[in-house]
Every structure is written in C-alpha cells, then in structure tokens.
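Peer 1: Residues per chain, in single letters:
2 protein chains.
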Amino acid sequence: MNKMFLAINQTNISDAPRFYHRGIMLDSSRHFIPIPLLKKHLDTMMYNKMNVFHWHLVDDQSFPLESKTYPNLHKKGAYSENHVYNHEEIKELIEFARIRGIRIIPELDTPGHTYSWGLGYPELITICWKDGKPFQAIYNVQGQREILNPIQNLTYDFVSNLIAELKGLFSDPFIHLGMDEVYYSCWESNPNISQFMLLNSLNSTKDLEQYYMSRVLTSANKLGYKVTVWQDVWDNKVEVFNDTILQIWKSEEDWRGYMQNATQDGYNVVLSSPWYLNYIKYGSDWYEFYKVEPTDFEGTEEQKKRIVGGEACMWSEFVDGANSISRLWPRASAVAERLWSSIDLNDVEEAKFRLDEHRCRLLRIILTYENFQGFNKIKSIRIIKIYFANLKQKLKQRALA
Amino acid sequence: MNKMFLAINQTNISDAPRFYHRGIMLDSSRHFIPIPLLKKHLDTMMYNKMNVFHWHLVDDQSFPLESKTYPNLHKKGAYSENHVYNHEEIKELIEFARIRGIRIIPELDTPGHTYSWGLGYPELITICWKDGKPFQAIYNVQGQREILNPIQNLTYDFVSNLIAELKGLFSDPFIHLGMDEVYYSCWESNPNISQFMLLNSLNSTKDLEQYYMSRVLTSANKLGYKVTVWQDVWDNKVEVFNDTILQIWKSEEDWRGYMQNATQDGYNVVLSSPWYLNYIKYGSDWYEFYKVEPTDFEGTEEQKKRIVGGEACMWSEFVDGANSISRLWPRASAVAERLWSSIDLNDVEEAKFRLDEHRCRLLRIILTYENFQGFNKIKSIRIIKIYFANLKQKLKQRALA
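Top line first, the protein sequences correspond to chains S and G.
Following UniProt numbering, the numbering of the first sequence begins with 1 at its first residue and continues without gaps.
Following UniProt numbering, the numbering of the second sequence begins with 1 at its first residue and continues without gaps.
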C-alpha cells in the first residue's frame, strides 16, 4: 500500500430502517438528568440508529422545564434552581439531536401527574374531598393534589398557553400529551365537579375526561401540533383525532391484545409495553427485549402498517445521573436492532456477538455501558469458535446447493 | 465570629465498631477492575468505616495477578497484558488502603476455579476422563480442565511457592485460600487418581480433598500465614487448623443453620450469605441487607463471639469497570452500618434518612452511587417531616418520663 494513499474497497451499503419511530423515553422529573448526560444518551442513540427522543419532561415529582409564560412552574416546581432546563439549553440540545438525526418530542403530561404544577399554581389543581371535607388525600389511589381541575377555563387557557410555548421552543411536529392514569376518584369526590357535570350533561367521569381531552387536543391541533398520547385515552373510549398516535405501554404480557384492538380501531401505535428498561433483574434480560416482534398479533396487513415503531422507556424512580447511562445502555441496543432490522433477523444466538462487539464500540467512545451478557474472554472465544464453525458449515451447504 | 478564627464546639465522640472484620469482596477475575476503580472502592470503604478488602484475585476466567515465580500464570492466564496487576501497583494499593485503615486480604482459590492457571501450566490440572477417554469435559458439573491435580508434588510445590510470593507481596497476616466448590467428578473420573487413592488408603474423594487441603494449609501455616477459607472445607468435614476462619456464603435463606453449626464446632466465622450484592432486583433491596442480624441464630454467648464480622460480595459476572462502583455503592453502606453499629440500631425507617444523606456525602466526593431508595424531593420532604414529628414526640415522652 502506498504511504500517501489509503486504498478502500468500493462498497455498496443497502440498508433502511423497518420502523420509522425508534425511540428512547427518558424521565427527567422523578430525577433530574443533567444536560451533559442527555447529550451522552443522544450520542448513544445515534450509534444505535435510534431517531426519537421522547422527553418525559415533567411529572408529579418535579417541573424542571423553564416556562417563560408561567415562571412559577419551574421556580416552585423544580427540585431547585439548579434542576431546571432553560430555553437556551433546550434549543442547543434540539440542534445537538438534529445533527445526529434525532427528533425530540416533548411530553406535557396532563391532567394527572401534575402535583408539581400545583406548587406554583395551586388554582389549577382539583381539590379532593373526603367525608365532607376538602383538601383530602385519597390514599392508595392518588395524593391530595395531583390532577388538574377540568371545569374551569383557567385550566384550559393555562395548558393551551403552555403548549404554545413548547410549540415555539421545540421544532418537532409532534407533542406528547400524556393523559395516562387519570384516576377518577378525586374528580368524583369534588361537589363542584359533580354540579358542573350535571349542568353540562356529562353523565360519567369518563365523559368529563372526554370533555377535558377534547378541549386540550383541539388546542394542540389549532396550534399546529400533531399529538401522541398514552393508550389510556383509547382504553377509556375517549374520542380523539384519528391522526393521534397511541403509545401502548400496559401489560408486558398482554400487549398483543392492545396492539390488535388499537390498530383495528384505526390508530397508529408506538409499542413500549415490553420495553420498560427501568425494570431490572439479575443476568441478561436483553434477550427478552430482543425477541419481541411488534407485528406478532392477530390482524390484517393494514393493521400491521399502523405500527409506526417502538420506544424503550427509562422511568427514573431509581435512576439519576449516577446510573442513567449504564442502566439503559447497551440493553436498549437490543430494542434498537429490533426496530431497525428486518423481521427475520431475530436469532438471539447470533445477535449476542453483534451486540457484544457493539458494546466494545460504545466503550471505545468513552461511555460507560454495563456488561449485560456476562461475557468474558474464555466463554466468548469458545462461543465465537462455535459460531464460525457453524457459519462455515452453512456457507458450505449454500455453495453446494 | 472573629474573621481570623473558626470557633468549634468541644465534642466528645464515643464510637467503636461492633465487629472487627467489615469487608468488601471484589472479584477481579471474571472481569478485570482497573486500579483507579479499586482505589475508588477503597475510598468509599473508608467513608463507610469498612476495614477489609477481600480481593478475589484469580479464578477460572482469568489470572490478572503478576507472578514473578511463575510468569506464565499472568502472561497466559490474564485476559491481555493490559489486564494484569503488577507488583508495583499492588504495593502502592496496599499502602493506599493502609492509610485509610483498610487491610487487603488476597485470595488464591484452589483446587477448583483454576482453569486460568492451566493456560500457562497445563501440567497442574487434573485431566478429566469420560467413556474411557482423557481430556473430556463433564458438562453441568465442570469444564474439561479446571481443578488442580492433587496427586503430584509438582502441584503442592507450585501452590506453596505462589503462597510464598504473596506472603512477600501482601502485608496482611491472613490469606484467603478459597477451597470452595471442589466438584469431585473430575477427580473420580481419572484412573491415575483412583490408583493413587488405593495406594495411599484414601477411601473417598472427600479423603483426597482432606489430603490436598491439609498439605496446602500446612504450607501456608509454615509460611506464617493465617488462613480464611470458604465454608465448603468445613461442609465436607475436612479437618483444618482451629484458627482457620470460615467464610459462610451458602444459602441466603438458611445461613443461620451454618452459623450455628460452624460456631458450635469452634470456628470463627465471617458472614456473607445474605450479602451477595451482585444479585440485583428492581427497587430498594438494601432493606434486606440492613435487617440481617449476624447473631440471629441458636447458640451460646461463646458461639456468638466467634463471629468476627461480615463481607458484602460483588462477584463480577455482570460487573466491570462500567458499573462496578454504582452497583455496589451505596447498597453496601447498609451492610457497613450493620457491621459497625450496635445491635439495637436496626430501624429501617430511621436508617433510610441516614443512608440517603450518606449517599449525598459520597456524591459530593465525585463518585457515582446509584439512587437506591428512589427518593425524590417531594417524598423525602414528606417522610422527613413525619420522621421529625415522631422524633419530637419521642423526645417529649422521654422528657415526661
């Protein structure tokens, strides 16, 4: 080889993703995840050909998103002034993601999961009643103040203005509006809500939920947003625009039924149920993530086409800056391959070598990904030998055929 | 306060450990743990008042310990030349530990767990037979070459010289000689061993194990070493010097029976069974480690005094540089408090605040310890309020009493 030139083979790479939505959901409310770590996640997503960062920004536990419209949201709702993402940081992060081929979809989860909103704006929150007294927690179901009050224009104006602020800040055509786990008990306990329902011919709390969601979804729609929501909206038979994407998250075992019914009802879906990577156990659990086949449910070809993709979710009850990277990666690489590669690339015994090599690649770029297979030199060498022996055999057979 | 002086209260601290052996066992064979990370562990041990680093240096998977006597041990047995602890590094580490009040006890595990020894010195290893043929693996029990050959002087000289090398390198009066999981099937399969047993009136493989162990323990004793071994030696009714310490590691559920019987037989014991921290599950598992009471078994006061302490073990099948620190700490802090503090300091509901605060302290010294309680601001504040309300109540009652 000439010292001045590097000769490379001419190579044609033919590759394309199977699903166009290949996502990671990170929760920055239960624990704050600093911007430098979010960038590490985005870098790693790029190296795993993932293209959607679903950012579960706010929740009951904290409101780390700077709001210029309602500054008490972050001033009172964040863990501290050091636990806030300001607009400059967010804009820079969006650009950081963009040049890596990653969309950022922000989530504004309502009407439940809003305890932290009430710290700055208590007037937004439904007052729960019990035994004829206001301001009561209904334990085992929900805390004292964690669901928006759906019977006042104040709430709708507030949510709408906040969606507008996000529309100006984030660049993606989609917003995630949450709408999961809307527990009715607090609404049912409140006499003003009962009266409102009576006056407005809302016959059940489900109708009230429908009323809330219609107004918020219409606001988002008017602002030019397309919407994703958690599956609960559809579970509760609330009517939504038919371009709304449902994120299927319930039941690690029975997600197939949800996929079947939601696509039958004509909705596009993102699958997450089998990919809650915050749940851990001893040993290699990536096999289970890898073996999931999103189209593995009863349904027509038309229905299968409604699967836009999937997301690996990392809820942060037990995750923060200390272990956010090492707990998610490289386990999420198994999900990444499932969402990118063709349906027949599904042999765990072959995948483990690819993924192990991939971990080495990731480690080389100075990130910390846990050893998720328990591989060690001896075992690896033995297994790799078997692998190549089998491969040789296969190629031989093909040559003879 | 005067600007030039810092006034502090005169304070008398009266504190002493309950057990004198408060250890962490790290496994550097299944995966290599770089020296800088070992130092982080030692630092963290100091901040947790732990004083014994039990270093499981070598095992089947690799031999990362430099040997000047038998250099092919690390040259052939380590994962690579970059995965070796050389003598200079080890000496520096011993001093690093010493000034932090920590002893380092090296472990040389024989006669099982020695596959990596055979890579450089195959003549040491027992050849397993099957169906009249040598060099056969006996799957589900053990690999083809992973237990020392106990019928040749070569083996005993080798082990003895290696113990001597460690004696010159490490400064602690104790060595750990392993001796766990001595599976008999390979020895039983080998016709030369059968013949040897016949000639030497060894009636069972247990007798052969006894023969091996007596010779090795005698060597260590002659070299001036005191010895710790895993409980298997005693399980198999092998006689050992009565100053040998047994490390109880079997059965997370029934360790009490082992403690009872081993102390009844007059042995000093180190407890590890309930503290295998490599096993993980979702959520807070430190409660279980914390609630363990080492003296909680049937036995006399004399027996209870034979508990020298305990060790939290981190076997490294799924742990390496990427997650070694965050997986062990601060979960091991629960074990540290159990081994240091008095028997009646055992209220989990109180401990969780101390341990949470302790995690913050550890984080401040720039280490990465996972959030092991799922604490977040809201919950913490609420719980802390309840805690202080209860405390106030208690103090009031005491004042009145």
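Calculated from the structure, these hints are not laboratory results.
Remember, it's a predicted structure, so these values are computed and weren't measured experimentally.
Hints are not guaranteed to be accurate.
Since the list can't tell identical chains apart, any single copy or any two copies may satisfy a pair.
[Stated by the list, open to error] As a list, the in silico PhoX-like pairs of lysine-lysine whose alpha-carbon atoms are at most 25 Å apart:
#1 K250 to K75
#2 K250 to K291
#3 K304 to K206
#4 K49 to K130
#5 K281 to K250
Peer 1: Check K250 against K75 for me: Cα-Cα at most 25 Å, and say if that holds within a copy, between copies, both or neither.
Peer 2: Answer is neither; intra-copy 33 Å and inter-copy 52 Å both fail.
Peer 1: Measure nothing new, just compare the shortest in-copy and cross-copy C-alpha distances for K304 and K206 to 25 Å and report within, between, both or neither.
Peer 2: neither (29 Å within a copy, 63 Å between copies)
Peer 1: First find the shortest C-alpha distance between K281 and K250 inside one copy, then the shortest across copies, and answer within, between, both or neither for a cut-off of 25 Å.
Peer 2: both (19 Å within a copy, 21 Å between copies)
Peer 1: State whether the alpha carbon distance between K250 and K291 is at most 25 Å within one copy, between copies, both, or neither.
Peer 2: Result: close within a single copy only, 18 Å intra versus 34 Å inter.
Peer 1: Have a look at K49 and K130 and pick one of within, between, both or neither, based on CA distance no larger than 25 Å.
Peer 2: neither (51 Å within a copy, 49 Å between copies)
The earlier numbered hints that this structure contradicts are 1, 3, 4.
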